[in-house]
Amino acid sequence: MQLTLEFGGGLELLCNSVKIHNVNVEPQDIELQGGTKKLIMKDLLTWIRGNLIKERPEMFMKGDTVRPGVLVLVNDCDWELSGQLNTTLEEKDVVVFISTLHGG
Amino acid sequence: MEEEGDAKPKKAGPRQCCVCNQRRAALKRPKTLEQICRECFYRVFEEEIHQVIVENQLFKPGERIAIGASGGKDSTVLAYVLSELNRRNNYGLDLFLLSVDEGITGYRDDSLETVKRNEIQYGLPLKVVSYKDLYGWTMDEMVKMIGLKNNCTFCGVFRRQALDRGAALLKVDKLATGHNADDIAETVLLNILRGDIARLSRCTAITTGEDGPIPRCKPFKYTYEKEIVMYAYFKRLDYFSTECIYSPNAYRGFAREFIKDLERIRPRAILDIIKSGEDFRISTSTKMPEQGTCERCGYISSQKWCKACVLLEGLNRGLPKLGIGRSRGLNQENSKDVKKGNGARSIESKQCGSLDF
Numbered sequence: 001m002q003l004t005l006e007f008g009g010g011l012e013l014l015c016n017s018v019k020i021h022n023v024n025v026e027p028q029d030i031e032l033q034g035g036t037k038k039l040i041m042k043d044l045l046t047w048i049r050g051n052l053i054k055e056r057p058e059m060f061m062k063g064d065t066v067r068p069g070v071l072v073l074v075n076d077c078d079w080e081l082s083g084q085l086n087t088t089l090e091e092k093d094v095v096v097f098i099s100t101l102h103g104g
Numbered sequence: 001m002e003e004e005g006d007a008k009p010k011k012a013g014p015r016q017c018c019v020c021n022q023r024r025a026a027l028k029r030p031k032t033l034e035q036i037c038r039e040c041f042y043r044v045f046e047e048e049i050h051q052v053i054v055e056n057q058l059f060k061p062g063e064r065i066a067i068g069a070s071g072g073k074d075s076t077v078l079a080y081v082l083s084e085l086n087r088r089n090n091y092g093l094d095l096f097l098l099s100v101d102e103g104i105t106g107y108r109d110d111s112l113e114t115v116k117r118n119e120i121q122y123g124l125p126l127k128v129v130s131y132k133d134l135y136g137w138t139m140d141e142m143v144k145m146i147g148l149k150n151n152c153t154f155c156g157v158f159r160r161q162a163l164d165r166g167a168a169l170l171k172v173d174k175l176a177t178g179h180n181a182d183d184i185a186e187t188v189l190l191n192i193l194r195g196d197i198a199r200l201s202r203c204t205a206i207t208t209g210e211d212g213p214i215p216r217c218k219p220f221k222y223t224y225e226k227e228i229v230m231y232a233y234f235k236r237l238d239y240f241s242t243e244c245i246y247s248p249n250a251y252r253g254f255a256r257e258f259i260k261d262l263e264r265i266r267p268r269a270i271l272d273i274i275k276s277g278e279d280f281r282i283s284t285s286t287k288m289p290e291q292g293t294c295e296r297c298g299y300i301s302s303q304k305w306c307k308a309c310v311l312l313e314g315l316n317r318g319l320p321k322l323g324i325g326r327s328r329g330l331n332q333e334n335s336k337d338v339k340k341g342n343g344a345r346s347i348e349s350k351q352c353g354s355l356d357f
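If you're matching them up, the sequences are chains A and B in order.
According to the working numbering, the first sequence is numbered sequentially starting from 1.
According to the working numbering, the second sequence is numbered sequentially starting from 1.
Everything labelled a hint here was simulated from the structure, so no lab data went into it.
Some clues are possibly wrong.
Straight line, CA to CA, 20 Å or less: simulated EDC-like cross-link-like pairs of lysine to aspartate or glutamate [unchecked claim]:
| # | chain 1 | residue 1 | chain 2 | residue 2 |
| --- | --- | --- | --- | --- |
| 1 | B | K132 | B | E313 |
| 2 | A | K62 | B | E210 |
| 3 | B | K235 | A | D76 |
| 4 | A | K62 | B | D196 |
| 5 | A | K19 | B | E46 |
| 6 | B | K321 | B | E46 |
| 7 | A | K42 | A | E91 |
| 8 | B | K28 | A | E91 |
| 9 | B | K235 | A | E90 |
| 10 | B | K171 | B | D196 |
| 11 | B | K235 | B | E119 |
| 12 | B | K60 | B | E243 |
| 13 | B | K132 | B | E113 |
| 14 | B | K287 | B | E141 |
| 15 | B | K31 | B | E210 |
| 16 | A | K19 | B | E243 |
| 17 | A | K62 | A | E80 |
| 18 | A | K37 | A | D93 |
| 19 | A | K42 | B | E141 |
| 20 | B | K149 | B | D238 |
| 21 | B | K144 | B | D101 |
| 22 | B | K287 | B | D272 |
| 23 | B | K31 | A | E80 |
| 24 | B | K116 | B | D101 |
| 25 | B | K31 | B | D173 |
| 26 | A | K19 | B | D238 |
| 27 | B | K174 | B | D261 |
| 28 | B | K127 | B | D173 |
| 29 | A | K54 | A | D76 |
| 30 | B | K171 | B | E210 |
| 31 | B | K28 | A | D76 |
| 32 | B | K60 | B | E48 |
| 33 | A | K54 | B | D211 |
| 34 | B | K174 | B | E243 |
| 35 | B | K275 | B | E113 |
| 36 | A | K19 | A | D76 |
Where chain A lies over chain B, by a calculated footprint (3+ residues, C-beta under 8 Å) [said to hold, decoys possible]:
| # | region |
| --- | --- |
| 37 | 24–30 |
| 38 | 152–159 |
We treat Cβ as the ideally placed atom computed from N, Cα and C, and that holds for glycine.
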């Protein structure tokens with residue numbers, strides 16, 4: 001599944017200072033959800049932690065979700081409106097992570 | 001009604017904005033839990049700030065206002081929104097950007113570039129004052145001498161005064177800063193954790209220093225950080241977001257994280273902490289520092305010398321510990337009339353003073 005991931009507000013520093021990543025994440029690489037192959041945000045976060053975050057993962061995640069203070073948008077929509085970790089991702093979705101914790 | 005309480009939809013079809021009932025909602029407001037579309041969000045966000053400005057009479061027509069601009073998200077959004085509101089509502093204000101160059105290579109030099117772009121983008125004149133010019137030391141030079149232990153104390157004390165000096169040079173009537181609701185809630189907690197009653201009692205005031213030469217106000221006092229960042233993101237505002245290379249500041253970091261954890265469980269917590277701060281009553285038996293002026297530079301001070309002069313004297317004499325912690329400081333050496341309790345309290349330094357009010 002082709003996805004565009006964008007890191008901002010300082011989070012890009014955790015992935016070699018690259019803001020935009022075009023990635024291919026295969027749902028079957030992760031796990032089967034109720035028999036059908038699909039990718040949810042929870043899986044994507046695990047994938048990101050394993051594949052994109054090069055340093056200080058604790059700045060990005062806390063437990064199995066993003067660290068409080070990190071905003072997430074799926075196709076420019078606040079993930080709090082789409083079910084957060086349970087948000088289902090689709091082909092060509094754009095997922096943006098912005099830290100609110102840096103600077104002022 | 002396609003809304004199903006807070007049942008977790010897999011990917012619920014496009015939810016509609018609860019204000020216009022037409023467009024697709026783009027975010028959930030932490031303050032009200034409303035789901036709202038971008039256009040309605042812009043409107044309510046700006047309108048609420050306008051209401052805060054009007055209800056608290058933050059500005060008067062014809063005033064010259066400096067916006068403390070770091071290039072970060074809060075001050076960038078503040079500069080943008082204030083210039084919009086000034087135009088739209090005919091505030092009649094002369095707005096300026098005021099930046100402090102601490103002299104931190106790889107941090108402030110980059111963020112100042114952002115402020116310089118903001119100067120052009122928003123058409124607001126910019127004034128930069130530097131530690132080097134004001135004090136003879138850049139932050140880089142200070143850190144070489146004092147190390148990474150108390151550097152945030154130095155920086156905070158000098159920044160606060162530098163902003164006042166810059167504001168005086170610009171001949172402004174007031175200084176507006178980008179402190180948001182999350183920052184203020186955090187500061188309330190920190191002041192409780194430090195037992196700093198004097199600061200606790202004034203840190204929630206929307207305008208401070210009205211008795212001094214340049215009052216300061218916080219138009220974002222009730223504005224959530226989440227909304228500021230969302231606003232900047234949706235409007236593609238140009239801001240700088242890198243942590244200062246010298247700021248470990250663990251104590252404030254924990255408080256910040258605690259507030260964010262609370263917000264996740266109950267977003268109202270932030271406004272409630274501010275309310276608690278506002279409604280505190282200080283017992284009359286609590287000793288409060290008396291405000292005077294520094295004998296050396298004339299700046300407001302509750303001591304014989306202001307904190308900046310004490311720290312600067314330490315730097316120049318090669319005694320950087322002067323004025324840090326509870327060790328003997330200049331004020332104790334020089335004046336016998338300093339009350340013991342007060343002396344110790346105000347000499348106890350506060351970390352990273354960008355939030356120090």
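Outcome of the hint check:
no., hint, result
1, K132(B) <-> E313(B), "holds (15 Å)"
2, K62(A) <-> E210(B), "violated (42 Å)"
3, K235(B) <-> D76(A), "holds (12 Å)"
4, K62(A) <-> D196(B), "violated (31 Å)"
5, K19(A) <-> E46(B), "violated (29 Å)"
6, K321(B) <-> E46(B), "violated (45 Å)"
7, K42(A) <-> E91(A), "holds (16 Å)"
8, K28(B) <-> E91(A), "violated (24 Å)"
9, K235(B) <-> E90(A), "violated (25 Å)"
10, K171(B) <-> D196(B), "violated (32 Å)"
11, K235(B) <-> E119(B), "holds (17 Å)"
12, K60(B) <-> E243(B), "violated (35 Å)"
13, K132(B) <-> E113(B), "holds (18 Å)"
14, K287(B) <-> E141(B), "violated (37 Å)"
15, K31(B) <-> E210(B), "violated (29 Å)"
16, K19(A) <-> E243(B), "holds (16 Å)"
17, K62(A) <-> E80(A), "holds (17 Å)"
18, K37(A) <-> D93(A), "holds (16 Å)"
19, K42(A) <-> E141(B), "violated (46 Å)"
20, K149(B) <-> D238(B), "violated (32 Å)"
21, K144(B) <-> D101(B), "holds (17 Å)"
22, K287(B) <-> D272(B), "violated (27 Å)"
23, K31(B) <-> E80(A), "holds (14 Å)"
24, K116(B) <-> D101(B), "holds (12 Å)"
25, K31(B) <-> D173(B), "violated (31 Å)"
26, K19(A) <-> D238(B), "holds (15 Å)"
27, K174(B) <-> D261(B), "violated (34 Å)"
28, K127(B) <-> D173(B), "holds (15 Å)"
29, K54(A) <-> D76(A), "violated (25 Å)"
30, K171(B) <-> E210(B), "holds (16 Å)"
31, K28(B) <-> D76(A), "holds (12 Å)"
32, K60(B) <-> E48(B), "holds (18 Å)"
33, K54(A) <-> D211(B), "violated (51 Å)"
34, K174(B) <-> E243(B), "violated (28 Å)"
35, K275(B) <-> E113(B), "violated (37 Å)"
36, K19(A) <-> D76(A), "holds (16 Å)"
37, 24–30, "holds (count 5)"
38, 152–159, "violated (count 0)"
When held up to the earlier numbered hints, the structure conflicts with 2, 4, 5, 6, 8, 9, 10, 12, 14, 15, 19, 20, 22, 25, 27, 29, 33, 34, 35, 38 and fits the remainder.
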